[in-house]
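**Student:** In order, the protein sequences belong to chains X and E. Sequential numbering from 13 applies to the first sequence in my numbering. Sequential numbering from 13 applies to the second sequence in my numbering.
Note that these hints are calculated values from the structure, not bench results. For each residue, glycine too, the CB sits at the ideal point set by N, CA and C. Possibly wrong hints are sitting among the right ones.
To be verified - Simulated restraints on C-beta separations: (1) E:T653 to X:S640: 55 to 63 Å; (2) X:L76 to E:E225: 17 to 25 Å; (3) X:A683 to E:D41: 48 to 56 Å; (4) X:L76 to E:A597: 34 to 42 Å; (5) E:A583 to X:P579: 25 to 33 Å; (6) X:P579 to E:V649: 34 to 42 Å; (7) E:P113 to X:P172: 30 to 38 Å.
Claimed, not checked - Reference excerpt, derived from the structure (chain X facing chain E, CB under 8 Å, subset only): (8) P77; (9) G143; (10) T486; (11) R496; (12) S497; (13) R505; (14) F511; (15) P546; (16) L572; (17) S573; (18) N575; (19) S606; (20) Q672; (21) E676.
Stated by the list, open to error - Simulated pairs of lysine-lysine, DSS-like, Cα-Cα distance not exceeding 25 Å: (22) E:K177 to X:K177; (23) E:K335 to E:K317; (24) X:K591 to E:K591.
2 protein chains.
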Amino acid sequence: MSFAQSTEPLNLMPLPAKVERGDGGLKIDAGFTLAFAGYREARLDRAGQRFLRQLRRQTGIVLLPASKNAGAATLTVTTDHESKPVQELGEEESYTLDVTPVGAKLHAANPLGTLHGLQTFLQLVAITPDGFAAPAVHTEDQPRFSWRGLMIDVSRHFIPLEVLKRNLDGMEAVKMNVFHWHLSENQGFRAESRKFPRLHEQGSDGLYYTQEEIRDLIEYARDRGIRVVPEFDMPGHSTAWFVGYPELASGSGPYAIERKWGVFDPAMDPTDEKTYKFLNDFIGEMARLFPDQFFHIGGDEVNGKEWDANPKIRAFKKSRKIKDNVELQAYFSGRVQELVTRHKKTPIGWDEILVPGVPKTIVIQSWRGTEALAAAAKMGNRGILSNGYYLDLGWSAARHYATDPLGGPTASLTAEQKQLILGGESCIWSEYVNAETIDSRIWPRNSAIAERLWSPANTTDVSSMYVRMDTEATRLEWLGLMHRSFQRTMLQRIAGASFPGEFDALRELAQALEHQKDYTREESAATQPTSFTPLNRLVDSVQSESDVSRRFSLLVEQYLSANCKDPALEAPIRAQLVKWSTIDAQLRPLAQRSHLVREASSASSALSESARNALDALDALQRGAPVSDEEEKKQIVALQTFEKQANKTQLTIPELPAFQKLIEAASAGGACIASE
Amino acid sequence: MSFAQSTEPLNLMPLPAKVERGDGGLKIDAGFTLAFAGYREARLDRAGQRFLRQLRRQTGIVLLPASKNAGAATLTVTTDHESKPVQELGEEESYTLDVTPVGAKLHAANPLGTLHGLQTFLQLVAITPDGFAAPAVHTEDQPRFSWRGLMIDVSRHFIPLEVLKRNLDGMEAVKMNVFHWHLSENQGFRAESRKFPRLHEQGSDGLYYTQEEIRDLIEYARDRGIRVVPEFDMPGHSTAWFVGYPELASGSGPYAIERKWGVFDPAMDPTDEKTYKFLNDFIGEMARLFPDQFFHIGGDEVNGKEWDANPKIRAFKKSRKIKDNVELQAYFSGRVQELVTRHKKTPIGWDEILVPGVPKTIVIQSWRGTEALAAAAKMGNRGILSNGYYLDLGWSAARHYATDPLGGPTASLTAEQKQLILGGESCIWSEYVNAETIDSRIWPRNSAIAERLWSPANTTDVSSMYVRMDTEATRLEWLGLMHRSFQRTMLQRIAGASFPGEFDALRELAQALEHQKDYTREESAATQPTSFTPLNRLVDSVQSESDVSRRFSLLVEQYLSANCKDPALEAPIRAQLVKWSTIDAQLRPLAQRSHLVREASSASSALSESARNALDALDALQRGAPVSDEEEKKQIVALQTFEKQANKTQLTIPELPAFQKLIEAASAGGACIASE
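Extracted from the complex, chain X is given alone in its bound form (with noise of 0.2 Å):
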């Protein structure tokens, strides 16, 4: 097999520890066959029916089902022993595979390596001058972290569940392994409790998980090396138990299910002992429903509002002598943790349950960061990194990969302590997310998380990272996820159009944009969001990270570092600007016969005129004729406007810090000009 350009990175997300490059490599055809020799389980012949599927999909070949003979097959698999029956923390995940221009090789110690090692192989696998094919490699993998998990928020938007067996496949492709699921919350409590019915059947609007469904998602997981953590955020972020069981609370109720986003008053009781019953109960039903040995109790963000309000606790406060809110979450949380340790569980919780004394076991999962990781490590507890990998804040991928969880302050343990540092979780937090939308705020961007937590350390090239990042986005696609195609049916619905050409322009105005960072769309909203605020605007349509910007800005750069003369680099750079440009106009027909594009003209006439600047700049740099100061810091203002006009309806233009480099490129001081 001839490999078209050998020299080009492998296509491997996360890349793996060790791999050489052989020569040549080995076909994929009809006559490709898959076999199993070693230790052998249901499990992996399961993974054998999803791999053989997989790769029929990437290359549409017509497999045959998993063959007996492992002599003669294609890809042997060999597995030398099995893997604990509920799986474990820690556990082997190493591989080794090998292929050749005659035949693969993948040996694992057990099936969570095999599982891995099986998605390498796919991922080699490539379209060639001659057909498909997977390149000649020796590999040698493990991973760097052993918790490498993703959270999602199921509670402020519900998630079917077939909408998360897809983000199941996605983790194991990029070879994640934890799945933490955040099952209640102010807004929804979406687990039933045979014991409790009252806090699905009342807090959930009828949108929960069974126990039976959630039995099958465990299984799910389990065949893809994934473990399942429940979170039950206690004892803020707690309205949707009190719906149900308004006993629970420190205030006197009646409740109702959050519609807001925020944080909110109602905490649970602490001082109360029924409480404790309660929560003993609801926790050992819950223990025997999921299995693995994490049980995550959240803890975050307690106002104390109804504590203080409540003559009750107050007193109980006083008589106690604990002195402050703090103190009193420290007691609530640590009875909680005996609840959970009583249930043959680990604790872990949000950073706030860090507190002087909390016992060793106890598992820290930091949203505020790797100083409160080196902190707990510090005391000897273990921690998770979840700072700098919330995904619903809408960062690039590059700023996630920055992030490490050996990084900072981490970086100065002992090795010992940083024995302590488990890994990473990315996570999805789901107030502007809903089904249709959650794909693409998780993929592609959650593969260079995956890729910070499994590869060695000094795996840091970021174009690299992208380059791999979009291949990996095209084959995630095969497994159901809709990050790239959910676009298409949202702007179709916006326009209103009946046929794809309809919406072209569009389309070039959706894929220009991101949605606004952080936790700002809230702030600029007219009127305040709530769970009933339809998720069907342009903002909900566009990418957290704009691919078309992204190589705009990559060209732009490349342009000016060529002293702005390269009329292949300038050819390209003014297309795509002469589309901005005139998106504006085209959509005007649309915006007649449409609110939501009507609504998304105020972001179209900025990227149009901000883009006819920019093109300006481009002229006067292909004429050498300089643009005066005074323009040059009035087209800067300007471009500021701009990105203000977007934010009205919740969007950024991230082409404008490209636009100001080329204008600035134009300025009398412009380094092109300049050098004229």
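Based on the hints, put chain E in the right spot on chain X.
**Tutor:** Same frame as chain X, but now just chain E:
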């Protein structure tokens, strides 16, 4: 509510028997509620849930579950009484729907009418300048024909249950009411038989539906007002039966699952009583599994070779004075019909089972045409039309639309005989169709057939049909049908591309082309295709009827009608031609790295070159300088060469007639030049 263009046709497909428009419309927002009155059943509740889910998908609006309070609901649905426990041919299906600015009322005699009315309401909902809304209408509706079917061949390529389900969703959307399940063929036996397990075990490569899955699909269909008619094709098309039960065959075996396409020799032994014993037990089992009144026994395309070769069969014919194989098949057919009738089912079969003396109860499905149907009606037999509705032939929607079960010879039947024409069925035979591509080969063209079978006979405006079909094609995407979305991932695979912008030229190419029509694909293939041949080539990724080509051809017609003088028409024609003319060059880099792009290069160069010729003609028209007759002739011959070039990879260039018109117009004798 304001409707921007209230003179436009309503987005309804099939068009109702009667629609009157009122003023304004009904706003659809988060306050929308649905309630049921009158007769209630669980199926209606599920229909309500499905309706709300679909409305949510179409609009992105969060909607509450159906309410109990009929009086206050936005849409009140009243059903008079139940329908038959097993849906029957000819059951009432009518409904009336009234939408006003303050609310909507749907009324139907039974749940079948209710289901249809809910779909009509969903089709009315559109985006407007003021939000989502349904225009005010008064509708009275019922079908023209009582049998409106879709046949899917799941035997030549297995089609998974979930793919069938989304196609049933599509059928419901366009009010089709019969799913004809073609379950057995030379290439596969797809239904589990507990009596004769070797049928599915040895005849299916493990790709079959369990009885539980079959029951599930039947329930699913019933929920959508759809009957399920199973077909077990006999005595021919039956090789897959003989793998496990060679004793049924007329030859000596052994038999293997057929991998090639075509008509094959194996046929059941009509002379052996063992055959009828087997079929009696088998039909009994299937008659219990499938509740529908009708049972399809196939009966098509027996070549008789195995019969002629078998001395025992020759002797049987002689002793019984059976003069030929047609008579022998009639004998077999009669015996099988008796068995079907014994199991309380009504037999239906292809044309071949219509022989003198056939019982009047038997229904004929005609692949041959309305002539055969007229003959059947004259004999007193009921019939349904499939000739003209074969979706796999790749015809245009317009061509299918022009086919009427009461057109041609059936038009001159007596009124009483016409009653025997029950309707029609579109058919998708799956030689070149698999789970990935089937939606695109059925939809949206099938909605034109659905309209033909539902709407009044005088609903024949093709341009109105296409406008509404385009809109319906968009709505069908919300049901999960992949008739549009399949293309992007297929092209990505073909290109080996990692981001969408990378294969724009390939998409332009794919969207301009169609697969070859009728049964020419096999003839033009370099090697004989089998069921192992991957369906991953450009030909598999194109539409059966190119939307882009349809719009382009329309533009050219308008341009020519306007004496080639309208620059507003000339500009988009030119832009499109320029795009096509450069595709070939743009594809070269991709062809370097992908064998599947390289294979497509004969088609891409044919498209680009022919577009350049059309562009020359356009230039000549613009200049008013005629092209010589000789040159014209040369160019038209060239077009034929280009078509042949595309045919090499089973593709066709549907723009060529429009290109030819431009070339002819630009000639010395051409209309536009002459009029200068």
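**Student:** Of the hints stated earlier, which fail here?
**Tutor:** Violated: hints 16, 17, 18, 20, 21.
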